[in-house]
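Generate the whole structure from the sequences, applying the supplied hints.
Just so you know, the sequences run in chain order A and B.
Following the UniProt record's numbering, the numbering of the first sequence begins with 1 at its first residue and continues without gaps.
Following the UniProt record's numbering, the numbering of the second sequence begins with 1 at its first residue and continues without gaps.
Quick caveat, the hints were computed from the structure, so don't treat them as lab data.
Among the hints, a few may not be true.
Chain A regions said to be covered by chain B (calculated; three or more residues, Cβ under 8 angstroms) [as the list claims (entries may be wrong)]:
id : stretch
1  : 172-185
2  : 204-211
Some chain B residues close to chain A (C-beta under 7 angstroms, calculated; not the full set) [to be verified]:
id : residue
3  : L52
4  : T72
5  : L77
6  : F81
7  : S83
8  : A85
9  : F87
10 : H89
11 : T91
12 : Y98
13 : S99
14 : R103
15 : V105
16 : G332
Dumping the calculated DSS-like pairs for lysine-lysine here, alpha-carbon to alpha-carbon at most 30 angstroms [unchecked claim]:
id : chain 1 : residue 1 : chain 2 : residue 2
17 : A       : K196      : B       : K153
18 : B       : K133      : A       : K196
19 : B       : K107      : A       : K196
20 : A       : K196      : B       : K112
On a predicted model such as this, the values are computed, not experimentally measured, just so you know.
Just so it is clear, CB atoms sit at the ideal spot from N, CA and C, and this is done for glycine as well.
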Amino acid sequence: MRREAPQKFADYGPLFFPAAMLTVFFVIPFATMIAVSFFKRDPAGFYSTAFVFDNYARFLSLFFGKVLGFSLFLAIAVAICCVLIAVPFTYLLSRAPRRTQVVWLVALLSVLSLSEVIIGFAWSTLFSRTAGITNLFVSIGLMSEAVALNPSFGAVLTAMVYQALPYTVLVLYPALVRLDPTLTEAARTLGASPLKSFFTVVIPALRNTIVATLIMVFIFALGSYLLPQILGRPQHWTLSVLITDQAIYQSNMPFAAAMAVFLVLVTLGLVGLTVYAGRKGEAA
Amino acid sequence: MSGLALQNVTKEFGSFTAVKNVDLAVPHGTFVCLLGPSGCGKTTLMRMIAGLDLPTGGAIRLDGADITRVPTHKRDLGMVFQSLALFPHLTVGENIAYSLRIRGVAKEDQVKRVNELLAMIHLSGYADRPVSKLSGGQRQRVAIARALAISPKLFLLDEPLSALDAKLREAMQVELRQLQQRLGITTIVVTHDQREAMTMADTVVVMNSGEIRQAAPPVEIYRRPADTFVADFIGMTNLIDFAAEGAGRASVLGTSVEGLAIPEGLGQGVLSVRPEDVHLTAPGHGAITGKVTFVRDLGGTIETFLEAGGKQVVAVSMPNARPDVSVGQEVGIRLSPDACVVLKS
Numbered sequence: 001m002r003r004e005a006p007q008k009f010a011d012y013g014p015l016f017f018p019a020a021m022l023t024v025f026f027v028i029p030f031a032t033m034i035a036v037s038f039f040k041r042d043p044a045g046f047y048s049t050a051f052v053f054d055n056y057a058r059f060l061s062l063f064f065g066k067v068l069g070f071s072l073f074l075a076i077a078v079a080i081c082c083v084l085i086a087v088p089f090t091y092l093l094s095r096a097p098r099r100t101q102v103v104w105l106v107a108l109l110s111v112l113s114l115s116e117v118i119i120g121f122a123w124s125t126l127f128s129r130t131a132g133i134t135n136l137f138v139s140i141g142l143m144s145e146a147v148a149l150n151p152s153f154g155a156v157l158t159a160m161v162y163q164a165l166p167y168t169v170l171v172l173y174p175a176l177v178r179l180d181p182t183l184t185e186a187a188r189t190l191g192a193s194p195l196k197s198f199f200t201v202v203i204p205a206l207r208n209t210i211v212a213t214l215i216m217v218f219i220f221a222l223g224s225y226l227l228p229q230i231l232g233r234p235q236h237w238t239l240s241v242l243i244t245d246q247a248i249y250q251s252n253m254p255f256a257a258a259m260a261v262f263l264v265l266v267t268l269g270l271v272g273l274t275v276y277a278g279r280k281g282e283a284a
Numbered sequence: 001m002s003g004l005a006l007q008n009v010t011k012e013f014g015s016f017t018a019v020k021n022v023d024l025a026v027p028h029g030t031f032v033c034l035l036g037p038s039g040c041g042k043t044t045l046m047r048m049i050a051g052l053d054l055p056t057g058g059a060i061r062l063d064g065a066d067i068t069r070v071p072t073h074k075r076d077l078g079m080v081f082q083s084l085a086l087f088p089h090l091t092v093g094e095n096i097a098y099s100l101r102i103r104g105v106a107k108e109d110q111v112k113r114v115n116e117l118l119a120m121i122h123l124s125g126y127a128d129r130p131v132s133k134l135s136g137g138q139r140q141r142v143a144i145a146r147a148l149a150i151s152p153k154l155f156l157l158d159e160p161l162s163a164l165d166a167k168l169r170e171a172m173q174v175e176l177r178q179l180q181q182r183l184g185i186t187t188i189v190v191t192h193d194q195r196e197a198m199t200m201a202d203t204v205v206v207m208n209s210g211e212i213r214q215a216a217p218p219v220e221i222y223r224r225p226a227d228t229f230v231a232d233f234i235g236m237t238n239l240i241d242f243a244a245e246g247a248g249r250a251s252v253l254g255t256s257v258e259g260l261a262i263p264e265g266l267g268q269g270v271l272s273v274r275p276e277d278v279h280l281t282a283p284g285h286g287a288i289t290g291k292v293t294f295v296r297d298l299g300g301t302i303e304t305f306l307e308a309g310g311k312q313v314v315a316v317s318m319p320n321a322r323p324d325v326s327v328g329q330e331v332g333i334r335l336s337p338d339a340c341v342v343l344k345s
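This is how it looks when you write it as structure tokens:
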């Protein structure tokens, strides 16, 4: 089929709907948010129109710097954990019989249907002293008495990895299925053990996919604000938690907007850096 | 014995038997082609030799040692895959050096060996190119060089030339054969292209439904096929029923033909006669009578399709050695008795 370049204005017709949706639901809200971030808070009401940098200035403190640092660290940790678990798992899954693949994929998709709230409370029960998994360890003699595993950083990380893992697998799956199985066979005939061929052929051949997946999970994890509150201590709260707090409980929309804009900028910067590094690494 | 020996090798997938009791000896330094239609088990047999599949029965020996259960990466072999399976993330040089790198060969020795191999495949100076920038023929050569980097005991190629166009394929066949003779390496090629097999092999192994039908030098396969499958699969042939009339005489297409090597006790069977051994003469004088139904003049040779005794017979002749016949004409057909292969039906 030959595709012709659009000639008349009407040829762009099919684009109108998505363009309109994008404008209404993304461009306008985001522009509003940027605008509000420069507004002044009105303690009596909501906010008043202005153009001040106070909100950004207030943000530049050690406290918020620490929260931002922790948010990024947590998102990176979740992304790395997810990829470390999902790559070998999806590789084995893509080599399994079709029926096994379907069962696993359906199970993973069903995890996606769980809301963050349910995941949070389920894990908080599992990590509790009274009804948690440590009771199981006690009964099989692994531990002497049951302990509470939350609130803690480990609990937050576990639940977030659990939540993000299905996405990770679903993003990796198509690339791994398409990977030519004769590549690993060729590596084996050339003297590489199955494990060696996985690290010298499968991983390098999937480099770009893995980088893209890391970025996706990183961004996904950055937006999490419920799980850190349910399973973590205040020092485990992310910037998203503070944004919610400012926007809803403190009614400080301009400051919340400023933090959100800043978070978006930092995220874009990090993603750009990763892509740039990936390009450079490829050229070398 | 030095070389490769397959003893009673069998491979079953569930209730389906892909390879049935295969016995084959490949002496050191010979070039063997596994030839057969798709699904005949030739690729499965090669994968078992490589260790990528395990046989369900029998043994595989290399230079006397049983390697049936030895994992692929410990077999010291080189294999070229149908898809070539070049590593997309590595350059030409890195692809060729892969097996050396895995074995921990020193960097400078790797470079030396890679340059040697690149010179051998006429691609000197290509070491730093990405494999995606190569043409089909060049990729083919790189795959061959990569497989030969460690000087393997066994060189396996699975349909190696099927992705190339006809002209390049013919050239590569000759090149591959010359390379094999120069290196003296035991080589096994899987192919469904009989021209390829005839060009390259010392021994052609014809397979069908998981069994070896005949293993012999190419000319013998062509001239003395062991059964009707081999006769029909290799080149063009006329398979003509006969009924023995005693002492080398048989009734063929309604006419009595003499001088056939019919074994004693065989009442009837099939003659395999290559089209170039079918001669056209004037009708009568003891010749089989036939009628011309179609003439295909290919310039270099002429194929004459005849109908005789209700059967089709094809004759191929050189333009200057053929009487001028046209469609509908009645002609005499003579079969050279030495060229007729007597087979069981």
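So, going through the hints one by one against the coordinates:
{"no.": "1", "hint": "172-185", "verdict": "holds (count 4)"}
{"no.": "2", "hint": "204-211", "verdict": "holds (count 3)"}
{"no.": "3", "hint": "L52", "verdict": "6 angstroms, holds"}
{"no.": "4", "hint": "T72", "verdict": "4 angstroms, holds"}
{"no.": "5", "hint": "L77", "verdict": "6 angstroms, holds"}
{"no.": "6", "hint": "F81", "verdict": "5 angstroms, holds"}
{"no.": "7", "hint": "S83", "verdict": "5 angstroms, holds"}
{"no.": "8", "hint": "A85", "verdict": "4 angstroms, holds"}
{"no.": "9", "hint": "F87", "verdict": "6 angstroms, holds"}
{"no.": "10", "hint": "H89", "verdict": "4 angstroms, holds"}
{"no.": "11", "hint": "T91", "verdict": "12 angstroms, violated"}
{"no.": "12", "hint": "Y98", "verdict": "5 angstroms, holds"}
{"no.": "13", "hint": "S99", "verdict": "4 angstroms, holds"}
{"no.": "14", "hint": "R103", "verdict": "6 angstroms, holds"}
{"no.": "15", "hint": "V105", "verdict": "11 angstroms, violated"}
{"no.": "16", "hint": "G332", "verdict": "56 angstroms, violated"}
{"no.": "17", "hint": "A:K196 to B:K153", "verdict": "22 angstroms, holds"}
{"no.": "18", "hint": "B:K133 to A:K196", "verdict": "27 angstroms, holds"}
{"no.": "19", "hint": "B:K107 to A:K196", "verdict": "19 angstroms, holds"}
{"no.": "20", "hint": "A:K196 to B:K112", "verdict": "24 angstroms, holds"}
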